[in-house]
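Participant: Position chain B with the ligands relative to chain A; hints supplied.
So the protein sequences, as listed, match chains A and B. So the first sequence is residues -12 to 148, counted in this note's numbering. So the second sequence is residues 7 to 299, counted in this note's numbering.
Incorrect hints may appear among the rest.
Cross-link-like lysine-lysine pairs, in silico, DSSO-like; alpha carbons within 27 Å at most [stated by the list, open to error]:
(1) B:Lys177 to B:Lys30
(2) B:Lys8 to B:Lys162
(3) B:Lys283 to B:Lys103
(4) B:Lys252 to A:Lys(-8)
(5) B:Lys252 to B:Lys283
(6) B:Lys93 to B:Lys275
(7) A:Lys(-9) to B:Lys234
(8) B:Lys103 to B:Lys8
(9) B:Lys8 to A:Lys(-10)
(10) B:Lys103 to A:Lys130
(11) B:Lys30 to A:Lys(-8)
(12) B:Lys162 to B:Lys275
(13) B:Lys8 to B:Lys30
(14) A:Lys(-9) to B:Lys16
(15) B:Lys177 to B:Lys93
(16) B:Lys234 to B:Lys275
(17) A:Lys(-8) to B:Lys16
(18) B:Lys234 to B:Lys177
(19) B:Lys275 to B:Lys103
(20) B:Lys30 to B:Lys103
(21) B:Lys16 to A:Lys(-4)
(22) B:Lys275 to B:Lys252
(23) B:Lys8 to A:Lys(-9)
(24) B:Lys30 to A:Lys(-10)
(25) A:Lys136 to A:Lys146
(26) A:Lys146 to A:Lys(-4)
(27) B:Lys103 to B:Lys93
(28) A:Lys136 to B:Lys103
(29) B:Lys16 to A:Lys(-10)
(30) B:Lys8 to B:Lys93
(31) B:Lys177 to B:Lys162
(32) B:Lys177 to B:Lys275
Covered stretches of chain B, as calculated for chain A (at least 3 residues, CB under 8 Å) [claimed, not checked]:
(33) 52 to 62
(34) 247 to 257
Partial selection, computed: residues in chain B whose CB lies under 7 Å from chain A [as the list claims (entries may be wrong)]:
(35) Gln9
(36) Phe10
(37) Tyr12
(38) Thr39
(39) Pro160
(40) Ile191
Treat the hints as calculated values from the structure; they're not laboratory data. In this text the structure is predicted, and so the values were computed from the model without any measurement. The beta-carbon is built from N, C-alpha and C at its ideal position, and this holds for glycine as well.
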Amino acid sequence: MSKKKVSAKINGQPVEFLCEPRQSLLECLRDVIGITGTKESCNDGNCGACSVLLNGRLVNSCLVFGVEVEGREITTIEGLADWQGLHPIQQIFLDRNVVQCGYCIPGIIIATKALLDREANPSEERIRSWLSGNLCRCTGYDKIVGAVKEAAVILAKEKGV
Amino acid sequence: MKQFDYENAKTIGEAVNLLNNSSKNVRPIAGGTDLIPRMRNGLLEPDILVDIKNIPELNILSINGDLLEIGAAVPLYRIYEEERITKSYPALIDAIKNIGGIAIQGRATVGGNLCNAAPSGDSIPALIVHEAMCIIAGPTGQRILPVEDFCTAPGKTALGRGELLTTIQIKHPPHNTGSCYNRFIPRNEMDIAVTGVAASLMLSMDRTQIENAKVAIGAVAPTPLLVKAAGEVLVGNAPTEEAWGKAAIAAQSAARPITDVRGSINQRKHLVGVLTKRALRKAYLRAIGEMEI
Ligand SMILES: Cc1cc2nc3c(=O)[nH]c(=O)nc-3n(C[C@H](O)[C@H](O)[C@H](O)COP(=O)(O)OP(=O)(O)OC[C@H]3O[C@@H](n4cnc5c(N)ncnc54)[C@H](O)[C@@H]3O)c2cc1C
Ligand code: FES
Ligand code: FES
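The following block holds chain A by itself, in its conformation from the complex (with noise of 0.2 Å):
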């Protein structure tokens, strides 16, 4: 079966790749494009490890095949620090000492910016129902939610809100 050939914008940039239809979102990015951010755990859709924006939703890359997202826009972890520094999520997260391991942080971050992105002041119950879909082995998720609490008040201030 041919590679099919495939245009996406990832983290603003034009990117054209080769892969075949069977090869996930979560393959092309880490084995053919080569950014290796976004983890691979379950794959089978219940961890969010794989958490990617897809036109700035969120979904679980694994779960996506690469042939679909011909024309779209995809965010990864790669994208959301820039010149200036980490992305506030990131800081608080680094600043708090949330990260164990690590595995499932990036995933949760991006789905952590995806919540940020829409709700200013979200509850503790509403981040941890929007969280629901991404496990992590190690911190408790206390940390995490801390966290996105602070997060949350700074991208406000940041925004104006």
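Facilitator: Here is chain B with the ligands on its own, set in the frame of chain A:
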């Protein structure tokens, strides 16, 4: 995963032509949240996948007059973010907010939930009590099927070769109507229903009598079921705990559950009773405007 060919259909006609292939195993892909894990496990090995997400008609989500139309490629989040829909179709909203987490809801569709025909498919009992109709395109034209006739066995639907579910249509519920879907899972999120029940109630203008009622049950039979008897025991009665109790018994006697990893026959029978009463209580509160989604 086995190799396959990917076809990006641009029209319903093109998708139907591709699906109507007698020598190849061809399947549509909507959100892929059921399909991709199954293909990865080797449970499904299609030769060709037809992507239906780039067909404009299938992305329509509209309310025209008193008709809600949900295209088969519309992801769940679009439905629950539309305020006019959340107000009028609470059982459907309860159900789709239960499907997976936010990332799943970013891809998954109601059409895919229905076509997957899982006995536990959360949207199906809700669609049944909303009296949804399935619009199906096929090689010989279009047909319409009530949603309760769509699933025929676990994983099996009424769709023939070359047929594609294009749209789900639901009439606007009349005044004084309320509905609810609730399910039991051992945790709060991200699990498959052990049992699920949807109910809708239409009350008289003075709200003292039940004029119409529907109860549908999930994960307790080979397909989600409309329990006609449960609706019938309610109609003409006052909306009381006693009435809910009678409907619950009717729903329990219609349930034909099995014992599996998620629950036993006895537990599921018990749950049908509990969840029927809860669904009716909430549907009633919504009908009288005392409970939001
Ligand atoms: C982590 C996780 C959690 C989940 N949680 C739940 C849950 O709580 N409740 C629940 O009910 N489900 C759950 N699911 C299952 C799944 O997400 C839902 O069934 C979803 O609605 C499927 O929609 P889809 O668009 O992704 O379907 P797809 O995977 O694209 O398709 C499903 C099936 O339907 C066929 N199909 C799709 N569209 C059409 C069409 N228009 N015409 C004809 N055939 C079609 C496909 O060929 C395939 O066989 C979960 C899945 C995952 C991975
Ligand atoms: S690797 Fe995609 S959800 Fe777990
Ligand atoms: S920090 Fe280890 S899995 Fe979350």
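Participant: Given the hint that B:Lys30 pairs with B:Lys103, test it: the Cα-Cα distance must not exceed 27 Å.
Facilitator: Not OK: B:Lys30 and B:Lys103 at ~36 Å, beyond 27 Å, violated.
Participant: Run the distance test for B:Lys30 versus A:Lys(-8): straight-line Cα separation, threshold 27 Å.
Facilitator: 24 Å, holds
Participant: Mind checking the alpha carbons of B:Lys275 and B:Lys252 for me, to see if they're no more than 27 Å apart?
Facilitator: At roughly 15 Å apart (the allowed maximum being 27 Å), B:Lys252 and B:Lys275 satisfy the hint.
Participant: Between the alpha carbons of B:Lys252 and A:Lys(-8), is the straight-line distance 27 Å or under?
Facilitator: 60 Å, violated
Participant: Between B:Lys103 and B:Lys93, is the straight-line Cα distance small enough, at 27 Å or below?
Facilitator: 14 Å, holds
Participant: Holds or violated: B:Lys8 with B:Lys162, Cα cutoff 27 Å?
Facilitator: 22 Å, holds
Participant: Is it true that the CA of B:Lys93 sits at most 27 Å from the CA of B:Lys275?
Facilitator: 31 Å, violated
Participant: Given B:Phe10 as an interface hint, is the shortest Cβ-Cβ distance to chain A below 7 Å?
Facilitator: 6 Å, holds
Participant: Using the nearest Cβ pair, does B:Tyr12 come within less than 7 Å of chain A?
Facilitator: With Cβ-Cβ at 4 Å, under 7 Å, it holds.
Participant: Compare the distance between the alpha carbons of B:Lys283 and B:Lys103 with 27 Å, and conclude whether the hinted pair is satisfied.
Facilitator: 21 Å, holds
Participant: Quick one: see if chain A covers the stretch 247 to 257 of chain B, three-plus residues with Cβ-Cβ under 8 Å.
Facilitator: violated (count 0)
Participant: For the pair we were handed, B:Lys177 and B:Lys275, check the Cα-Cα distance against 27 Å.
Facilitator: 31 Å, violated
The structure fails hints 1, 4, 6, 7, 8, 20, 30, 32, 34, 39 and 40 (numbered hints given earlier, in ascending order).
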